[in-house]
Amino acid sequence: SQTIHQWPATLVQPVGSPLSLECTVEGTSNPNLYWYRQAAGRGLQLLFYSVGIGQISSEVPQNLSASRPQDRQFILSSKKLLLSDSGFYLCAWSAQYNEQFFGPGTRLTVL
Amino acid sequence: RKEVEQDPGPFNVPEGATVAFNCTYSNSASQSFFWYRQDCRKEPKLLMSVYSSGNEDGRFTAQLNRASQYISLLIRDSKLSDSATYLCVVLEGGYQKVTFGTGTKLQVIP
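Order-wise, the sequence lines are chains A and B.
When you read off a place in the first sequence, starting at 1, and then add 7, the result is the number in the numbering used here.
When you read off a place in the second sequence, starting at 1, and then add 31, the result is the number in the numbering used here.
The set of hints was computed from the structure by calculation and includes no laboratory data.
By construction, the Cβ of each residue, glycine as well, lies at the ideal position given by its N, Cα and C atoms.
A portion of the hints provided could be inaccurate.
Pairs of lysine to aspartate or glutamate residues, derived as EDC-like cross-links and limited to a Cα-Cα distance of at most 20 Å, are as follows [stated by the list, open to error]:
| # | chain 1 | residue 1 | chain 2 | residue 2 |
| --- | --- | --- | --- | --- |
| 1 | B | Lys-76 | A | Glu-106 |
| 2 | B | Lys-73 | A | Asp-92 |
| 3 | B | Lys-128 | A | Glu-66 |
| 4 | B | Lys-110 | B | Glu-36 |
Stretch-level coverage of chain A by chain B, calculated; a stretch enters the list once three of its residues show a Cβ under 8 Å from a Cβ in chain B [unchecked claim]:
| # | region |
| --- | --- |
| 5 | 48–58 |
| 6 | 105–116 |
Incomplete in silico selection of chain B near chain A, CB under 10 Å [what the hints assert, rightly or not]:
| # | residue |
| --- | --- |
| 7 | Gln-37 |
| 8 | Pro-75 |
| 9 | Ser-80 |
| 10 | Leu-118 |
| 11 | Leu-122 |
| 12 | Val-129 |
| 13 | Thr-130 |
| 14 | Thr-133 |
Next up, chain B with everything else stripped away, as it sits in the complex:
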């Protein structure tokens, strides 16, 4: 089993739709979790951290489920500009163990 797994997609959704991605991790001792966004041929950019209590930033909501060892990202009212690859990141015990998922590709269609 991979340490961090994501459905590669692509997820093709119409504008205005709600879409959700999950990311599973294998190490129950993982401490910190993040979602990044990566546009084609660009560097990943931090989208949001994932807190135990869940957190929301505008149209984006991140959740952590420690019991089932997954994090999720919900995007409401999808915009064309949301089209990108979304990477989940898991930190275990500090900086020396950082694992990126391979990403989920989202394509928002007019």
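Next up, chain A with everything else stripped away, as it sits in the complex:
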């Protein structure tokens, strides 16, 4: 069966510091991968999606970037965090045009 991992689970970072969140998927090949952010009490905002290694599409301009160095690895990064980057970051995978499955998420607080 497929599983999706995210780490770290929680993170507290100062403004201006870098960020690296990692997501890995097991038990499937060539998944579509997604990064979402959910601000407190808000809906899910799609940040990036990827249909293959090195292929990244951005939905919202911001100071975040994403990379997919391996088929089942998706990384979310920032060079300098802003206060507004605080939120619940969720990675998800799907097989083609099907439903998405989410990882446990990373709760990021920028101080």
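Since chain A is already given, all that's left is putting chain B on it; use the hints.
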């Protein structure tokens, strides 16, 4: 008009009650529809897909009305454990256009 709209609630219902949520979408070309459940401070989890013919899974029934562009979720015999936020998801033309509703909060009361 938002692409996907849900009543945020909260819907406060007693145990055993039947409750229904609707979710409207604006793009008539939308292809796939899903309901997710999200518990507080947790990731969304797939509850069920929504098929054109409607589908049922135990106490849960999902319906799609393409003419009026909405999907619905019916929960019968509500349990305390059904308390959560229910998100509808609309896919348009594949993976690059996925839109989540902001969710409807359900609170089942003893």
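Structure-based check of all given hints:
Restraint check for Lys-76/B and Glu-106/A: the C-alpha separation of about 10 Å stays at or below 20 Å, so the hint holds. Restraint check for Lys-73/B and Asp-92/A: satisfied, since their Cα atoms lie roughly 18 Å apart, inside the 20 Å limit. Proximity of Lys-128/B to Glu-66/A is assessed by CA-CA distance (about 9 Å); at most 20 Å being required, the pair is judged to hold. In summary, the hint linking Lys-110/B to Glu-36/B is not supported, as the alpha carbons are separated by about 25 Å, beyond the 20 Å threshold.
Counting residues of the region 48–58 of chain A whose CB lies closer than 8 Å to any CB of chain B gives 6, which reaches the minimum of 3, so the coverage claim holds. A count of 9 residues in the region 105–116 of chain A with a Cβ less than 8 Å from any Cβ of chain B is obtained; the coverage claim is therefore met, three being the minimum. Against a cut-off of 10 Å between C-beta atoms, the interface hint on Gln-37/B holds, since the closest Cβ of chain A lies about 9 Å away. The criterion of a C-beta within 10 Å of any C-beta in chain A is met by Pro-75/B, whose closest approach is roughly 5 Å, and the hint holds.
The beta carbon of Ser-80/B comes within 6 Å of a beta carbon in chain A, closer than 10 Å, and the hint placing it at the interface holds. Hint on Leu-118/B holds. Least Cβ distance to chain A is approximately 7 Å, under the 10 Å limit. Nearest Cβ of chain A to the Cβ of Leu-122/B: about 7 Å, under the 10 Å cut. The hint holds. Taking 10 Å as the C-beta contact cut-off toward chain A, the hint placing Val-129/B at the interface holds, the least distance being around 6 Å.
Taken as an interface hint, Thr-130/B checks out: its beta carbon lies about 8 Å from the nearest beta carbon of chain A, inside 10 Å. Given the 10 Å rule on beta carbons, the hint for Thr-133/B holds: about 4 Å separates it from the nearest Cβ of chain A.
Violated hints amount to a single one, hint 4; each of the other numbered hints is respected by the structure.
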